[in-house]
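*Asks:* Build the full structure now, drawing on both the sequences and the hints.
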Amino acid sequence: MMRDRETAAAASGGSSIDYADMLLLRFGEFTLKGKNRTRFEKTVLRHVKEMVKPYPKAVLSKEFGRIYVTLNGEPARELAEALKNVFGIASISPVKVSRSEFEDILAVSRTFLEIIAPAQGTTFKVSARRVWKDFPYGSIEMNKLIATPLLQGYPGLLVDVKSPELELKLEIREGHTFIFCEQIAGVGGFPLGTNGKAMLLLSGGIDSPVAGWSSMRRGLEVECVHFYSYPYTSELARQKVVDLARVLSRYAGVIKLHLVPFTEVQTSFTGIGQDNLIITLMRRAMLRITTQLAEREGALAVVTGDSLGQVASQTLSSMNAIGRATVLPLLRPLVMMDKSEIVELSKTIGTYDLSILPYEDCCTLFVPKSPTTNPNLRIVEKIEATLPGYSARLDAAVAGTETLSITPYGDEKPSDVVSAQAGLQEEWF
Amino acid sequence: MLYWDYAAASPPYEEVVQTMEQIMKLHYANPSSLHRPGAEADRLITRSREVCAAALGVQPQEILFTSGATESNNLAVKGAALQYRSRGRHIVTTDIEHPSVYESCLQLKSLGWEITFVAPDRTGVVDPAHVAAAVRRDTVLVSVMHVNNETGAVQPLREIGSRIKAANRRTLFHVDGVQGYGKLETQIKEWQADLYSLSPHKVRGPRGVGILYVKEGVALFPILTGGSQEQGVRAGTENVAAVVASAKAIRMSGERREAFNHQILPLRNRLLDFVSGIPEFTVNSSWDGAPHIVHFSYPAVNGEVMARKLEELGMTVSTRSACSSRLAEPSRVLLSMGRNAADALGGVRISLGDSHTEADVAALEQALLTAVQALKIVERGTK
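Going down the list, the protein sequences come from chains A and B. Residues in the first sequence are numbered from 1 upward in steps of one, following our numbering. Residues in the second sequence are numbered from 1001 upward in steps of one, following our numbering.
Everything labelled a hint here was simulated from the structure, so no lab data went into it. Some clues are possibly wrong.
Straight-line C-alpha distance at most 30 Å; calculated DSS-like pairs for lysine-lysine [to be verified]:
no., chain 1, residue 1, chain 2, residue 2
1, A, Lys96, B, Lys1189
2, A, Lys347, B, Lys1189
3, B, Lys1215, A, Lys347
4, B, Lys1215, A, Lys413
5, A, Lys53, B, Lys1189
6, B, Lys1165, A, Lys84
7, A, Lys347, B, Lys1165
8, A, Lys240, A, Lys53
Short, incomplete list of chain B residues facing chain A, as computed with Cβ under 8 Å [unchecked claim]:
no., residue
9, Thr1019
10, Ile1023
11, Leu1034
12, Ala1039
13, Glu1040
14, Arg1043
15, Leu1044
16, Val1051
17, Val1244
18, Lys1248
19, Arg1251
Since this is a predicted model, take the numbers as computed values, not measurements. Glycine included, C-beta positions come from ideal geometry on N, C-alpha and C.
*Replies:* This is the structure we're talking about:
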């Protein structure tokens, strides 16, 4: 339905957004949430405030179930683009504001229709809502009083009060009347962080950023953990993960990225003569390290980009053997999704182009010719128990972890990528 | 010797030369290499892209580096035509485009595309209504330059852009901005341009680098293949030193645009006023043209002869665009403006830069008078 209305406006050419005075943001499903509602709304408001920061003239106000962004000349389209990514926002309407006097309301409604320029044969209705009971005309009365002159001006419009393609909504309040008809779909979900915090295993691939976004959308605050194996993997691979986290930070405002030096742990698995178990051992080690980081950061779950059956480590049997390395709940948002759906999502959230950059990462490195799809848990546990210095190596990896706070517009770099850029002198530009 | 050919090539800023030298010495690694020096070189390219994007008011990923504006124009025209050939095979351009656009269109024509060439009025300006009228359902691209390289005529791009998009929302709009950047305001978004070409060496940068703005979402069919550089649209190892130096020149000339106008416009006006007063000349530039070009015809004498005479008198000028000045044919641009063959053969272009002073202009005026006097004996008697 919402989509239909968007297309109707787009097909006819005009959009009211370029002429909007205000954006009306509606909350999503969490409005059902009874007691926690205030907390949820406050979180959305805080996130919206963050996104509006680069636009100093915009003014926010909150009301039951809604946030208003008065633009004062700030660019509506840009702001809407940013705000529709705020989790918890279900939809955005560009609004024109008129004084609450009949003549003004009619005049602005006319302008509104001119902007939208509906095509011949568009079905139409006016829905007025009189919030301010002192306004001289009732809601039903207003529908007729506004619709009649509009229809005279636009002989191409057809009335349909049941399911019109174009619904002109009027909200008559004391002082101002809001006039709008378009709805831009927001990303929905729960406000960020309202459902706790989890650690996300972020590789450089397509799946894990999507898993991260999906978790954030359910209200989870996410901290990213990336394992790198320099010199077997390059600095570029690590920078790529920083850039991926930066895309995710657009949805979070700020996001933590833990860069774990994994070389020592990973190479210790290569000499044991159990090549087909390397992946299993490696994933378990990752989970162990992540669990330690989660304790340190106060996170209660681990999110992975696993998708059932996609690769050897994602068979049910592998997931079982790997998952037992942690006591934390393992969340796998993509577990039942098709690859093509994941790819589509990654394009939508803006991580795809980065994900396909061709750098070796620690999951593609040391991949045995035939990794097992059915690892034996007892053997795996036995190997781990007999590996000399295994837990010391894990602790060292945790201790050597570098943590970056990534923001959408920042320029954060891992420490040795910074040194790689020491050659760059700003006066050259 | 006084140099009056800035529209063909301008002397690089001293800072640009220094940047170029330092980077050639320090950063010779291939930006596509995976080692650290390669990553550093790559970072220089990335930073250059950001600097250029900021100067043009666009996103870094919308900036493509090429080997020059000729390549940018070729890539814009042919790349768009080939990429979107399923949308149609019709292109609209003007009679006054630079050869790199004009001949790209002719080449496409030989491959089966249909080209509509819009003619300018007598002042060299094209009418937006004429451009829009030429746009059809199957029009893939419209290409119109910002400032004409011969006459300095400024095209009404905002109006053209909005009319094109009103006529066909899917038609791409390419602007050849080579002579306009640094002289006039560049408003890629306001013009609704999808493609915009720029040449650093016209704004005191190095040669051998061109810039092409490609609006996000617009795809181009690669003309050079064999590498994944420049998002796979333009293969070839980047010229790191020249790219960085170009970014610098573009930033500097953008920042100095107003000061440049302030300095150059009175000189241009004085010179335009002066050549208008010489009865032997037909003036082809107008008062509302670009601030750095004065173009006139001396129909009695070939432009080439006039240019040589002026050179003898210590003044370096050109006949029209450097790219076509070696052809002894009448200027296509002047003919399309309704000038006769004699006018179109006798064109002389004076283009100014920020090194010029009042005294230089006075000396040039003196030389013009002397040249006209001296050339009386070889006049064709066409008047």
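*Asks:* Indicate, hint by hint, whether the structure satisfies it.
*Replies:* Now the hints, each set against the structure:
Of the supplied pair hints, the one linking Lys96(A) and Lys1189(B) holds, its CA atoms being roughly 25 Å apart against a limit of 30 Å. In summary, the hint linking Lys347(A) to Lys1189(B) is supported, as the alpha carbons are separated by about 25 Å, within the 30 Å threshold. Simply put, Lys1215(B) and Lys347(A) have alpha-carbon atoms about 18 Å apart, close enough for the 30 Å limit, and the pair holds. About 28 Å separates the Cα atoms of Lys1215(B) and Lys413(A), which keeps this hinted pair within 30 Å; it holds.
Note on Lys53(A) and Lys1189(B): the hinted pairing holds, with a Cα-Cα distance of about 23 Å set against a maximum of 30 Å. At roughly 27 Å between alpha-carbon atoms, Lys1165(B) and Lys84(A) fall within 30 Å of each other, so this suggested pair holds. With a C-alpha separation of about 27 Å, the suggested pairing of Lys347(A) with Lys1165(B) holds against the 30 Å cut-off. Pair hint Lys240(A) plus Lys53(A) holds up; C-alpha atoms about 27 Å apart against a cutoff of 30 Å.
Satisfaction of the interface hint for Thr1019(B) is found here, the shortest Cβ-Cβ separation to chain A being roughly 5 Å, below the 8 Å cut-off. Interface restraint check: Ile1023(B) against chain A, minimum CB-CB distance 7 Å, threshold 8 Å, status holds. The interface hint given for Leu1034(B) holds, since its Cβ lies 6 Å from the closest Cβ of chain A, which is under the 8 Å cut-off. Because the smallest distance between the Cβ of Ala1039(B) and any Cβ of chain A comes to about 5 Å, under 8 Å, the interface hint for this residue holds.
With its C-beta approaching chain A no nearer than about 4 Å, Glu1040(B) sits inside the 8 Å limit, and its interface hint holds. Interface restraint check: Arg1043(B) against chain A, minimum CB-CB distance 5 Å, threshold 8 Å, status holds. Contact between Leu1044(B) and chain A, as hinted, is supported at the beta carbon level, the nearest pair being about 6 Å apart and thus within 8 Å. For Val1051(B), the shortest C-beta to C-beta distance to chain A is roughly 5 Å, which falls under 8 Å, so the interface hint holds.
With a cut of 8 Å, the hint placing Val1244(B) at the interface with chain A holds, because the nearest CB-to-CB distance is about 5 Å. With 8 Å as the threshold, the beta carbon of Lys1248(B) comes within range of chain A, its nearest partner Cβ sitting at about 6 Å, so the hint holds. Nearest Cβ of chain A to the Cβ of Arg1251(B): about 7 Å, under the 8 Å cut. The hint holds.
Violated hints: none; the structure is consistent with every hint.
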